[in-house]
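Hey, can you work out the whole structure from these sequences and the hints?
As given, the protein sequences belong to chains A and B, one line each in that order.
All residue numbers for the first sequence refer to our numbering, where the first residue is -8 and numbers rise by one.
All residue numbers for the second sequence refer to our numbering, where the first residue is 28 and numbers rise by one.
One thing to keep in mind: the hints can contain errors.
[Said to hold, decoys possible] Cβ pair distances, simulated, as ranges: (1) R574(B) to F198(A): 43 to 49 Å; (2) L178(A) to G216(B): 53 to 59 Å; (3) L627(B) to A175(A): 39 to 45 Å; (4) N594(B) to V408(A): 26 to 32 Å; (5) A553(B) to G438(A): 54 to 60 Å; (6) F498(B) to D434(A): 55 to 61 Å; (7) G601(B) to L178(A): 49 to 55 Å; (8) A72(B) to T41(A): 40 to 46 Å; (9) A624(B) to E129(A): 49 to 55 Å; (10) T41(A) to E301(B): 56 to 62 Å; (11) T285(A) to V564(B): 56 to 62 Å.
[As the list claims (entries may be wrong)] Quick list of in silico lysine to aspartate or glutamate cross-link-like pairs, DMTMM-like style, CA-CA up to 25 Å: (12) K442(A) to D95(B); (13) K183(B) to D468(A); (14) K183(B) to D435(A); (15) K183(B) to D431(A); (16) K397(A) to D95(B); (17) K192(B) to D286(A); (18) K183(B) to D440(A); (19) K192(B) to D440(A); (20) K183(B) to D286(A); (21) K313(A) to D95(B); (22) K432(A) to D95(B); (23) K192(B) to E182(B).
[Claimed, not checked] Which bits of chain B does chain A cover? Going by a derived footprint, with three or more residues having C-beta under 8 Å, they are: (24) 206 to 214; (25) 498 to 507.
Read the hints as simulated data drawn from the structure, not as lab findings.
Where is the CB? At the ideal position from N, CA and C, for every residue including glycine.
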Amino acid sequence: MQLLSEILLCPVGALVLVLLIPARAVQAIRWVCALSALMAGVLSVQLWRTYDAAAGGFQFVEIIPWVEEVGISYHLAVDGFSTILVMLTSIVFFTGVLTMWDLEIRVKEFFAFMLLLVTGVYGVFLSQDLFFFFLFYEVAVVPMYPLILIWGSGNREYAAMKLVLFLLAGSALLFPALLAIYHASGLGTFNMILLAQKAFDPDFQIFVYPFVFLGFGVLAGLFPFHGWSPTGHVAAPSAVSMLHAGVLMKLGAYGILAVGIRLLPVGAVYWAPTFATLAAIGVVYGAFVAIRQTDFKFVIGFSSVSHMGIVVLGLNLAVLGKAGQDALNGAVFQMFAHGIMTALFFSTVGFIYDRAHSKTIADFGGLGSQMPRAVSVFIVAGLCGAGVPGLASFWAELLVFLAALKTYPALGVVIIVGLVLTAIYVIRVFSQAFFGPVNDKWDDLRGLDLKGWQILPRAILVAVLVYFGFFPSALLDVIDGTTSTVLTSFR
Amino acid sequence: MDTLNLILATTFAPFAAFVLAILFLMRQPRLAQVVVIAGGTLSLAGAVSLLSAGPVEPLRYLWFTSGDIQLRFGFLLDGLSLMFGVAVALITLCVMVYSLGYMGHDPSKTRYFAMLALFEWAMLSFVYAVDLMQTFIFWELVGLASFFLIGFWYEKPSATAAAKKAFLMTRVGDVGLFIGVLMVLQVAGHFDVPGLLATEGGLVAQATPAVLTTITLLIFVGIVGKSAQFPLHTWLPDAMEGPTPVSALLHSATMVAAGVYLMARLHPLFMGSETTLGIILIVASMTALLAATMAMVATDIKRVLAYSSISQLGFMLLGLAAGSLFAGVFHLITHALFKALLFLCSGLFIHHLETNDMAQIGRGGGRRMRFATAGLVVGGAALAGIPPLGGFFSKEEIFAALGHDGVTLFSVVALLAAFLTAYYTFRMIFLVTRPQQVEAVDVHGDHDRAEPLSMALPVVLLTVGAAVAGFWGGDIARGLGIEAGHHSLAAMAPALAVVALGVLVAWLDFGRQTATRTGFIARMPALERLFTNGWYVDAFYDAVIVRITMLAATILYAAESRLLDANFDRLGFGVLGLGSGTRRLQNGWVQFYGGWAVVLVGLAAAYFGMSD
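This is the structure in structure tokens:
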């Protein structure tokens, strides 16, 4: 079996095993998940190291025809983008399993749904067949509903329903658009690589592109269709928030890239100014709204709207030509950096919440002296969010800002000024919850700080942020070649 | 050792110490101290041997490529960076050693020393950076480390607030700098500092005058934030909430000096734009004067020094903007020494007498602390510009540069500021050393030796440094590749006169036996109020800027919850409502179904019948 199928098999195999293991053997279930995640991680790193960045293009191709009458095949391949997104998924998957190690309620069902979700995510990043792409996309989205409804907290029924309705509305836009692309090509195949070579009628592209963009954009937290995301983050259990904000939102951005920009370049160029503006509004708007939040998770939720706005902005600037290379490199880099960063955020906030049963910022004060390790980890994530150099996000933001400044100077200045807003909401959380006079109410948390293996998932995420903060070329070299290939149709 | 290894050791030794301390030595504070001080010593040794080896060709290594952008990591080892690197490493080491005593009883010593090491790494990497983006990165990291140092006592709300303010206000400046740096890339296509400064093919040649003015002004915005110039200066006095050794480090040779250093580094670019220079002259002279007026009414010894830092930074920028690289850099270095000294002396008083108030320090018997008092007098005299101490010669250079085109408004303002400097400095010295009466015993307990060796040693070293720094002018000028001019006594006369006048007035107000010990400004209550309230700049920020930002956030959050979210909810519940409405039709009454069937069929028949 080949590498990509092996990666995909990790969660699938674990899912089968978990279903077979009796529900009371919780320890076995946890270990199966952790080992499958670890294996997927090792394979992803192998993929990252062996993907030939200099050659670029699609590699590790596997094609098995399935329904030949309509041209559906099991078709896996990766380019530079999906290589690093697969790695992102593996890191969040592994650290997510470790974060949920202490879960006691319906362990088997939880991990089964989580594995299903992860399968869907890997499937989207690996598939080069439009049918499978959409199938995996839905597989990734649907488990969110039970995961939030059963294991969530707070207003979970509302959050779960809101999330599903928004995302299905997105899918409702997507489904006809994808079928239209299939029919209009006249090729009788769902092979995305072949479809990308077909030059669709410009009017058709301009008509269909908004369906694709908005359909995927909902999942990417695009303003003004982001409402599901903060509520969803807040209600979901830690690992689900991690996967949700860390990986799932990237599916939306990746969909825009893989289907929208690749297959419908003319449409993408036509709509780019409009959607770039929308994304830029999201960047500043999300930051402003985050300043006013009183709940840790809502701050992170709205910061995700703001940070994903940078990704979507980068995607739109990419097709406009002036600084396409930087914009697209930055957008993909930001997908990775933001994924790791939010995973770290939610992993830590979840940890604090599980012990304090509060995520209201004003409840705390001086938590730094009670839980120094958890707080330090949160501070690293916060600084990454504020775009401090030395952490991965800095490079992503640098590249997108540079492109914005070149393409639309005024818009560039506005989003760079937005950096101050980001600093405000991050520092505000620090000074209200972590610094200041110690609140005696939480003195019993002193013995409950991160310790032993609980440090592991957070340490991995911090290490990844710092590593790529200092050695951005380890990612950029993989991304850059693919960016050039994608952008050839826009020069 | 070859240059590369030497410079790597110099910059990365503190980083290694930071990583070791923060990850492994949280529970062994003594070991952490040793590791950090070893790192600092290594850095100083490295910086000194680099300086003695003299300038070399820049070292450059590819960091990453994205499209046609190439980012390099490297070291620019010319006279300016080599000299300033030694100043930074020396003062950091002094502060580290001093902290052994000052922070001896603090429970979070490891965190403190780790952050000092992080700070030194960022600052030295900033000083030696060869690439403008690298400069920006470490500039930001300097800001980050100072955020942690200012807010070190995070349980104190005032310290947390001060750290937050410092981070956010310098961030405002950094946004300008960031845009400026990105514009440099757009114009020049690279970030290489020597390349940008080159007379042929450099940025001055590449950019149109308007673009060059924009770029330099944007960079200057960053400098205004970092070097605490008007109107972004208000974070600096508040930053005195940090431990005193931190103030000595941040507000003398490092963080705030970074802005001046950046301007010195990019001096040829600034020289290319008359407009920018004019604006800098205005801002810097305003700052020098305004901050001096605030220093003359402050009662907290650290605040006096803080305002004095702001004012002196204004002097340095004045020198640079008047066209003299030498004047700015010379004053940067002498100021680094005497200001670090003054802060460390104030720390001795504060540590032993547990008060920041100058009059109380005097009454508490501050003058009996010999090292601190000697340091205070020497450092103060240097700050005031008494010959032949450090500050006199360097300030003289600034006046000479300003007076180059005859007497201008700027030289008059600078003289006025120099008068106030001499006045407030000697006010401080007299309040501490000539109290009306000394209370019999020390007010607060004698729990320690007043001046332990670890704290006295750096003070003595810096006292000597501040005393002799004035004679290094020739060497510094040579290091910069400039011929230092000699000034006639006549040219020095105005500056000497205002300094003498300042000391005299301070003596009349605070020094002599019969002095009232209130400043002459008390006779002008309106002005005194203005100065005490820092010209109401902070009040303006609170009332306008902060309020507008929070209002915008509130409005947008209201839009989010009441407009966007509420309408999507309405849509969802509307669909639900439609469902409930339709459900009522499904009521199980056969008569109801039959009735509707008849009506509908009848309507359909009528419709089709009519259309025939």
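Taking the hints in turn, this is what the structure says about them:
1. R574(B) to F198(A): 43 to 49 Å: Holds: the Cβ-Cβ distance is about 47 Å, inside 43 to 49 Å.
2. L178(A) to G216(B): 53 to 59 Å: Distance hint for L178(A), G216(B) is violated at roughly 43 Å.
3. L627(B) to A175(A): 39 to 45 Å: This hint holds: roughly 40 Å between Cβ atoms.
4. N594(B) to V408(A): 26 to 32 Å: holds (29 Å)
5. A553(B) to G438(A): 54 to 60 Å: holds (58 Å)
6. F498(B) to D434(A): 55 to 61 Å: The hinted range 55 to 61 Å holds for F498(B) and D434(A), with Cβ atoms some 58 Å apart.
7. G601(B) to L178(A): 49 to 55 Å: violated (41 Å)
8. A72(B) to T41(A): 40 to 46 Å: This hint holds: roughly 44 Å between Cβ atoms.
9. A624(B) to E129(A): 49 to 55 Å: violated (40 Å)
10. T41(A) to E301(B): 56 to 62 Å: Between T41(A) and E301(B), where Cβ atoms are some 57 Å apart, the hint holds.
11. T285(A) to V564(B): 56 to 62 Å: Violated: the Cβ-Cβ distance is about 30 Å, outside 56 to 62 Å.
12. K442(A) to D95(B): violated (45 Å)
13. K183(B) to D468(A): Since the Cα atoms of K183(B) and D468(A) sit roughly 46 Å apart, the hinted pair is violated (cutoff 25 Å).
14. K183(B) to D435(A): With a Cα-Cα distance of about 21 Å, the restraint between K183(B) and D435(A) holds, given a limit of 25 Å.
15. K183(B) to D431(A): holds (15 Å)
16. K397(A) to D95(B): Roughly 14 Å separates the two Cα atoms, so the pair holds.
17. K192(B) to D286(A): Measuring from Cα to Cα gives roughly 23 Å; hence the hint holds.
18. K183(B) to D440(A): Holds - the C-alpha atoms of D440(A) and K183(B) are around 22 Å apart, at most 25 Å.
19. K192(B) to D440(A): Violated. K192(B) to D440(A) sits at ~29 Å, over the 25 Å cutoff.
20. K183(B) to D286(A): Holds, at roughly 23 Å.
21. K313(A) to D95(B): holds (12 Å)
22. K432(A) to D95(B): violated (55 Å)
23. K192(B) to E182(B): Holds. K192(B) to E182(B) sits at ~16 Å (cutoff 25 Å).
24. 206 to 214: holds (count 5)
25. 498 to 507: violated (count 0)
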